[in-house]
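In this note's numbering, the protein residues as written are 631 to 869.
To be clear, the hints were calculated from the coordinates, so they are not data collected in a lab. Keep in mind that a hint or two might mislead.
[Claimed, not checked] Cross-link-like lysine to aspartate or glutamate pairs, in silico, EDC-like; alpha carbons within 16 Å at most:
1. Lys-809 to Glu-663
2. Lys-809 to Asp-785
3. Lys-846 to Asp-804
4. Lys-846 to Asp-799
5. Lys-809 to Glu-725
6. Lys-742 to Glu-725
7. Lys-742 to Glu-663
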Amino acid sequence: MLSPADFFDLSDEATAVFFDNCEYVWQAIGQIEAHVIRLVGNEQTILGEVMPGAYLSERPIYIAEEARIEPGAYVHGPAYIGPGAVVRHGAFVRENVILLAGAILGHASEAKNALFLPGAHAPHFNYVGDTVLGHRVNLGAGTKLSNLTVVSAKDPETGKRPSIQLVVDGRTYDTGLAKFGAILGDDAQTGCNSVLNPGCIIGPRSLVYPNLSLRKGYHPPDSILKLRQNVRRIERVTR
Numbered sequence: 631m632l633s634p635a636d637f638f639d640l641s642d643e644a645t646a647v648f649f650d651n652c653e654y655v656w657q658a659i660g661q662i663e664a665h666v667i668r669l670v671g672n673e674q675t676i677l678g679e680v681m682p683g684a685y686l687s688e689r690p691i692y693i694a695e696e697a698r699i700e701p702g703a704y705v706h707g708p709a710y711i712g713p714g715a716v717v718r719h720g721a722f723v724r725e726n727v728i729l730l731a732g733a734i735l736g737h738a739s740e741a742k743n744a745l746f747l748p749g750a751h752a753p754h755f756n757y758v759g760d761t762v763l764g765h766r767v768n769l770g771a772g773t774k775l776s777n778l779t780v781v782s783a784k785d786p787e788t789g790k791r792p793s794i795q796l797v798v799d800g801r802t803y804d805t806g807l808a809k810f811g812a813i814l815g816d817d818a819q820t821g822c823n824s825v826l827n828p829g830c831i832i833g834p835r836s837l838v839y840p841n842l843s844l845r846k847g848y849h850p851p852d853s854i855l856k857l858r859q860n861v862r863r864i865e866r867v868t869r
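Start from the sequences, fold in the hints, and give me the full structure.
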């Protein structure tokens with residue numbers, strides 16, 4: 631129920647490697663940095679198109695053939711931008727981001743310590759932090775994948791934040807992650823302006839409706855997660 635194979639098609643070895651030695655799906659988040667190093671090394675490799683007006687830092691960055699970095703985008707890195715992936719105008723690629731084939735980080739969107747599996751899209755006004763997006767996931771405009779709780783103050787003695795804990799079927803799981811955005815299984819989608827609070831785990835093919843603030847925890851495959859809202863109309867009196 632909580633293993634990587636329950637969320638993603640792992641038949642392609644190039645995808646499955648990101649989940650090696652992961653008993654629970656969220657453990658892949660802690661391995662993203664190591665995979666960036668594996669894919670990128672310690673240098674810049676620019677095979678795709680970096681359009682005039684785009685900015686790349688001097689950190690290690692790999693931009694594959696047929697990838698495109700549009701004007702106004704900033705790739706800070708380290709980052710891997712795979713074949714056919716697009717970083718659109720005004721996007722911000724922070725530390726340890728992997729965009730696999732055909733992935734999109736769009737206008738005014740930001741990604742940090744995130745893995746986009748092939749075809750995953752965060753196309754408009756999105757925040758994607760400490761997160762894994764499955765194949766063909768699409769985030770509606772304004773979707774935010776919050777990765778840090780409001781009660782996560784650092785311990786004054788250790789300087790560390792508490793790790794996020796999840797309760798699934800009555801069992802408590804300590805994720806070991808102080809920052810944990812979301813896991814979205816293959817073909818999951820979110821509606822506009824939805825907020826996924828830290829520690830959301832959403833099964834494949836599920837839909838999160840617009841404007842919903844979704845609590846942390848496990849949400850099974852093929853779910854429709856809706857906000858119940860009543861709209862009342864009254865007559866406007868003008869003078």
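Results of checking the hints against the structure:
| no. | hint | verdict |
| --- | --- | --- |
| 1 | Lys-809 to Glu-663 | holds, 14 Å |
| 2 | Lys-809 to Asp-785 | holds, 15 Å |
| 3 | Lys-846 to Asp-804 | holds, 13 Å |
| 4 | Lys-846 to Asp-799 | holds, 13 Å |
| 5 | Lys-809 to Glu-725 | holds, 14 Å |
| 6 | Lys-742 to Glu-725 | holds, 5 Å |
| 7 | Lys-742 to Glu-663 | holds, 10 Å |
When the structure is compared with the earlier hints, no violation turns up for any of them.
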